[in-house]
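Engineer: Chains as they are written, first to last, in my numbering: chain A, 1 to 256; chain B, 1 to 215.
Just so you know, these hints were derived from the structure itself, not from any lab.
Just to be clear, a hint being listed does not mean it is correct.
[As the list claims (entries may be wrong)] Distance condition first, Cα-Cα at most 25 Å in a straight line; then the derived SDA-like pairs of lysine to any residue:
| # | chain 1 | residue 1 | chain 2 | residue 2 |
| --- | --- | --- | --- | --- |
| 1 | A | K143 | B | K209 |
| 2 | B | K44 | A | N15 |
| 3 | A | K88 | B | E121 |
| 4 | A | K87 | B | Y117 |
| 5 | A | K87 | B | Q129 |
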Amino acid sequence: MKILEMNHIKKSFNNASLHVLKDISLSVSEGEVVSVIGPSGSGKSTLLRCATLLTEMDSGELIYSGEYAAKNNEHGKAVYSGKAELKKIRSIFGLVFQNFNLFPHYSVLKNLTDPQISVLGRSKEEARERAMQLLKKMGLEEKADAYPCELSGGQQQRVAIARALAMDPLILFFDEPTSALDPELTGEVLKVIKQLAEERMTMVIVTHEMAFAKAVSDRVIFMDGGVIVEQGTPSEVFDNPRMERTKQFLRNYSQQ
Amino acid sequence: MSLMTMIAKMFEGLSGTCAIFFLTLLFSLPLGMGVAMLRMSKSKIISNITRFIISVLRGTPLMLQLIAITYGPYYLFHFSVSRNKLIPVVIAFAINYAAYFAEIYRSGIESIPVGQYEAAEILGYSKIQTFFRIILPQVIKRIMPSITNEVVTLVKDTSMAFTVSYQEMFTIGKQIANSETSFMPFVVAGVFYFLFNAIVDYVMGKAEKSMNYYQ
Ligand SMILES: Nc1ncnc2c1ncn2[C@@H]1O[C@H](COP(=O)(O)OP(=O)(O)O)[C@@H](O)[C@H]1O
Ligand SMILES: [Mg+2]
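Only chain A is shown next, with the shape it has when bound in the complex (with noise of 0.2 Å):
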C-alpha cells in the first residue's frame, strides 16, 4: 500500500526564474525507508517541504493514503484540497527538523505531551504514557522534566524524534536530522533512526550520511539540479551507480 505519492512535482522560486524541483515523481509504501542523498542546493529540503504543506508546489499531485492533498487543474497549476482535508492529511505525516525546533518554553514532557492533548485530544493520562514510553525508547526517561536547552544537540534531535513519534504518524520525513550536530553526537541520533527502520516505520530521509544511508534504506534516491538522477536499492546506487553524476557525486563524498 502507497503511503506517499507524489507525481510530476515542480517548484520554482523568484518569480518562475529559479526551478528547484523539476518534474519529480516519487512514491513510498508502508514500511519502507527511502533515503535521498545528493549534493546542497539540489532541491532535497524543497521537495521535503512540498512533501509536508510547508511549501506550495506550482504543479504536481501530492497524495498521502490514497487522499489527494492537491492536484493539478487544466491548466497543470497544482490546486490544494480544503482546510479540514489538509488538516486530516497533516496527522498522517511527521517531520523531523536539521535544527530541532522543540518548543524552549516547555519541558521535554510537554513539547510531547501538549501536541497530543492540543491537536489530537488525548487525555492528558494517555498522551504522558504516550511520552514516557517514547522518552524511554529514546534513553531520555530521566530528561523529561528537563528544558530543551538544557539538551546536548544530539539529546535534543531524540526529543524531537519522539516528539513526532507521539502523533503516531503513517510516515516520518528528516531533513538532514544530524547535519546541525557534532561529529561525535550524530552517532546517538541515527542509532534511534536505524531502530525506527528495524521496526519498519515509513521513512524518508534527506542525510548526508553516506554509511548510514547504505545501511537502514530499502532505496536511496541521488537528486542532482531539481531532478532524481538515480534510484535503486543501497548496493545498486552506492556500488554500482549508472549514471556518470552519481558516480562523481561518491567519489566527492569519499575523498573527504
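Since the structure of chain A is already known, use the hints to place chain B with the ligands on it.
Structural biologist: For chain B with the ligands alone, coordinates are given in the frame of chain A:
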C-alpha cells in the same frame, strides 16, 4: 501649610495617579496587540495606515494628544468638556501607549524563528493555538525588559495630566506650590514617583525572573 499636610494632600492625589496608571495598562496592553496585528497585516493598505497612525502617535507630544482628546470635542463640536476628566485622560494615554506597545509586540513576534511556526504547523496546531500556545509565551519573555521601560515611563508620564487639570498627585502638588509659593511640593512629587517606580521595578523584576526557567 505644614509638610505633613502637604504630603497628606498630595497622597490623596495619588489615587488619581494610580487610576491613570492602571487603567492605561489595562487598556493599552491588549489594544497594542490589536494594533500590532493590523501593523503586520498581509494587506499593504491596512499595515501602511497603521504604521502612519503609530508614527503620528509616537512622533507628537503626549501632552498635545491629551489636550486634543480632552478639549478637541469642545472646539470641534461644541460638546461640553466632560466633568470627569479621567475618561479623556485615560483614552489619550491608552491610545498613546498602545502605539508604543504595538511596536514592542511586533518586534517580539518578528524575532521568533520561523522554525517555531513550521514545527507547530507540522504537528497540526491551528493558527490560533500556534499563536497562543507557542509564539506568545516566547514573545512575552523576550519583550519583558522593553515593557518594563514603558511602564516606568508611564509612571512619570501620569504627571502630564496636569495640563488638562486632572486632579492627580502632580496637579495637586503644583496647585500647592502656587498658593504657598513653595518648592517643597515638587520635591515631595519627585519622591513619590521614585518610590512608585521602585515598586514597579520590583514587581517587573519578579515577573522577569519567573520566566527565567528557560533560555
Ligand atoms: N524560499 C526560497 N526562496 C528562494 N530560493 C530558495 C528558497 N528555498 C530554496 N531555494 C533555492 O532552491 C535551491 C534548492 O534548495 P534546497 O531545497 O534547500 O536544496 P538542498 O536541501 O538539496 O540543499 C537552492 O538554490 C536554494 O537557494
Ligand atoms: Mg537542505
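Engineer: Against which earlier hints does the structure fall short, listed by number upward?
Structural biologist: none
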